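Student: Start from chain E and add chain H according to the hints.
Protein chains in written order, with my numbering: chain E, 1 to 265; chain H, 1001 to 1312.
Careful: at least some of the hints might be erroneous.
[Unchecked claim] Straight-line C-alpha distance at most 25 Å; calculated DSS-like pairs for lysine-lysine:
id, chain 1, residue 1, chain 2, residue 2
1, E, K222, E, K73
2, E, K197, E, K133
3, E, K93, H, K1102
4, E, K158, H, K1289
5, H, K1102, E, K78
6, E, K132, E, K158
7, E, K38, E, K48
8, E, K160, E, K78
9, E, K160, E, K215
[Claimed, not checked] So these bits of chain E aren't anywhere near chain H, every CB distance computed over 10 Å:
id, residue
10, K38
11, L79
12, P111
13, A118
14, A130
15, G171
16, V177
17, E209
18, K215
These aren't lab readings, by the way, just hints derived from the structure by calculation. Computed from a predicted structure; not experimentally measured. Note that the Cβ used here is the ideal one computed from N, Cα and C, for glycine as well.
Listed below, chain by chain, are the residues.
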Amino acid sequence: MRRLILNLMAVIIVLITGVSAWAVTPEASQKVLTAATKNRVDIGLFYKGDRINFFGVNPVPGSDLIIRLTAAKDEELKLSVKGRVGPFWMTVKQYAVTGLPFMYKIHASRPITDIIKAETAQELELGFPALKKKMQMHLIRGEEAPEDAELVFNGFLKIKKEANLYNIEEGPERLEVTEGKLFSHYFRFPPAATEGKYLIESFSFTNGELVGYGKDEIIISKVGLEAWLTNAAQNYPVAYGIGAVLFAIGAGLLVGMIFRKGGHH
Amino acid sequence: MDIYLPIAGMSINFYLIIGIGALVGFLSGMFGVGGGFLLTPLMMMIGIPPAVAAASDSNQIVAAASSGAFAHWKLGNVDFKLGLVILFGGIVGGTIGVQLVKVLRAMGNFEFVMKVVYVLMLGLVGGAMFIESLNTIRRSKAQPSAPPAAPAEPKLGRAFGKLPLKMHFTRSGLHTSAIFPFSIGATVGIMAALLGVGGGFIMVPAMIYIIGMPTIVAIGTDLFQIVLTSANVTLQQAMVNKTVDILLAVILLLGSTIGAQFGATIGKKLKGEQIRILLAIIVLAMTVKLFIDLVVMPENLVSLAPAKGGGH
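Pulled out of the complex, with its shape left as it was, chain E reads as follows:
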């Protein structure tokens, strides 16, 4: 019954969204039809992340699927590395890191290494080893060590995994394929997923060769009070600062009047 509902939803959504959701890379000969339950996520006052369901039709029945979620733009990062100085642990070196996306999640129908060769994975940037090779880092402060690339990438990966911004799921648990053709899955956008454009790309492979490709876009943006406060803080910092002070004085005096005792400070 659940499968039937999923199949129906996939067909209906694909028919409704139609051609707009179609996309193809030069390498792919066929299109993976995809659709999402929504293409926009609003960060409001009570935002605590969101979940978006995706449905699609695989152009080559029985082929393997790898679906990748990334932020459209790579991050320019500064990563601090702690070391022991006397009895204390403190930052001893810093690296500027480029080439890594802000968010990176993959759902694959089976282990990526079983679907494609390492070269293909590297070319299409699929999997953590491919990301690691893409990462570029240069020392800003401190002394470089040979093991730093490994340390920095693993540390970065840990930060991202803890924030639920990086994740790879390989198997049918998250990517449900029906009769080798219709598929459904969902991505969870955590609260740490900031404003911006995100891409959900579906790759279809047969015998390690790319045979299909599809793409969806998700826009995350702050709305209402959250957007107003962020815009004020980033673009009008003087006005925001003065406003924060005046608001605090007003709130403090009001609270003092209500409790008739003055502040507790």
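Tutor: Chain H alone, transformed into the frame defined by chain E:
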């Protein structure tokens, strides 16, 4: 119920923040202290970025201290002339402190320096308070009817009074050098920016025991300078580091105001030395926690540093 903090860039349980505000407010009301020195480390412990915690705490302090300052001003307990000298020091210190925060964040060592200063400050204050309260309890048990010891004569005050730039402060009845009030204001200003504290726990004893001000005028003048020093720090943090989360400050204020009312009621039922020893234990426990964070190997040796002074 979760709430999204726009500047901290994170979603957090609303009741957790209200609860922390209420807990600190309760302790503030019970012990008669500001609580900024408890609030910032507690916010860091629940995952608020340290720079956002300190800056938003400064904003909350402006609100929490303003009604008290207004009440003391109406009662004539504020020495405006002395307050302005301290405030001048506070603005200079606060400006230096905010720039220091910027540099330390860029170096990736803001959290480390913050924790070291907290450990030193809380260890010193908590330790001194604990020993003093323990001695008072012992003395009162040995001599139950003994009168309380007279406050020590401010010998340091006389020494500082010999410095140049002498001024007459009518409300406090003092004729002393402006250098010491300026210096203590500057020190508190730096700490306000670095730690998100009001600095009353340093300022009030310094005003009473070193400058020699009457207690009630010291408290009124301290609240006056806290409002303006914290306002300066809030404004500069917003301009330089963009780390003031007004939503976080409002929720903390709400919690601390409610907590303070209950704390004040409980505080009246406890003896002075009992209150002080309880506060000392809380302060020392936090010192131990922060010290452990500094010396135990972190789970992840890599951390994200702010790229260009942004809030997150």
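Student: If a hint holds in the structure, say so; if it does not, say that too.
Tutor: Hints, one by one, checked against the model:
1. Only pairs whose Cα atoms come within 25 Å are accepted, and E/K222 paired with E/K73 is accepted, the gap being roughly 18 Å.
2. For the given pair, E/K197 sits about 24 Å from E/K133 by alpha-carbon distance, which is consistent with the 25 Å threshold.
3. With a C-alpha separation of about 17 Å, the suggested pairing of E/K93 with H/K1102 holds against the 25 Å cut-off.
4. Restraint check for E/K158 and H/K1289: satisfied, since their Cα atoms lie roughly 24 Å apart, inside the 25 Å limit.
5. The straight-line distance between the Cα atoms of H/K1102 and E/K78 is roughly 15 Å, inside the 25 Å bound, and the hint therefore holds.
6. Distance check on the hinted pair: E/K132 and E/K158 sit about 13 Å apart at the alpha-carbon level, within 25 Å; holds.
7. The hinted pair formed by E/K38 and E/K48 meets the criterion: a straight-line CA distance of about 17 Å does not exceed 25 Å.
8. As the CA atoms of E/K160 and E/K78 are separated by approximately 14 Å, the hinted pair is consistent with the 25 Å bound.
9. Note on E/K160 and E/K215: the hinted pairing holds, with a Cα-Cα distance of about 23 Å set against a maximum of 25 Å.
10. Look at E/K38: its CB is around 18 Å from the nearest CB on chain H, clear of 10 Å, so calling it non-interface holds up.
11. Once the 10 Å rule is applied to beta carbons, E/L79 is inconsistent with being away from chain H; the minimum gap is 6 Å.
12. For E/P111, the requirement that its beta carbon stay farther than 10 Å from each beta carbon of chain H is met, with the minimum near 26 Å.
13. For E/A118, the condition that its CB be more than 10 Å from all CB atoms of chain H holds, with the nearest at approximately 25 Å.
14. Every CB of chain H is more than 10 Å from the CB of E/A130 (nearest about 20 Å), matching its label as outside the interface.
15. At roughly 27 Å from the closest C-beta of chain H, the C-beta of E/G171 stays outside 10 Å, upholding its exclusion from the interface.
16. For E/V177, the condition that its CB be more than 10 Å from all CB atoms of chain H holds, with the nearest at approximately 33 Å.
17. Non-interface call for E/E209 relative to chain H: holds, since the shortest CB-CB distance, roughly 37 Å, exceeds 10 Å.
18. No beta-carbon of chain H comes within 10 Å of the beta-carbon of E/K215; the shortest separation is about 27 Å.
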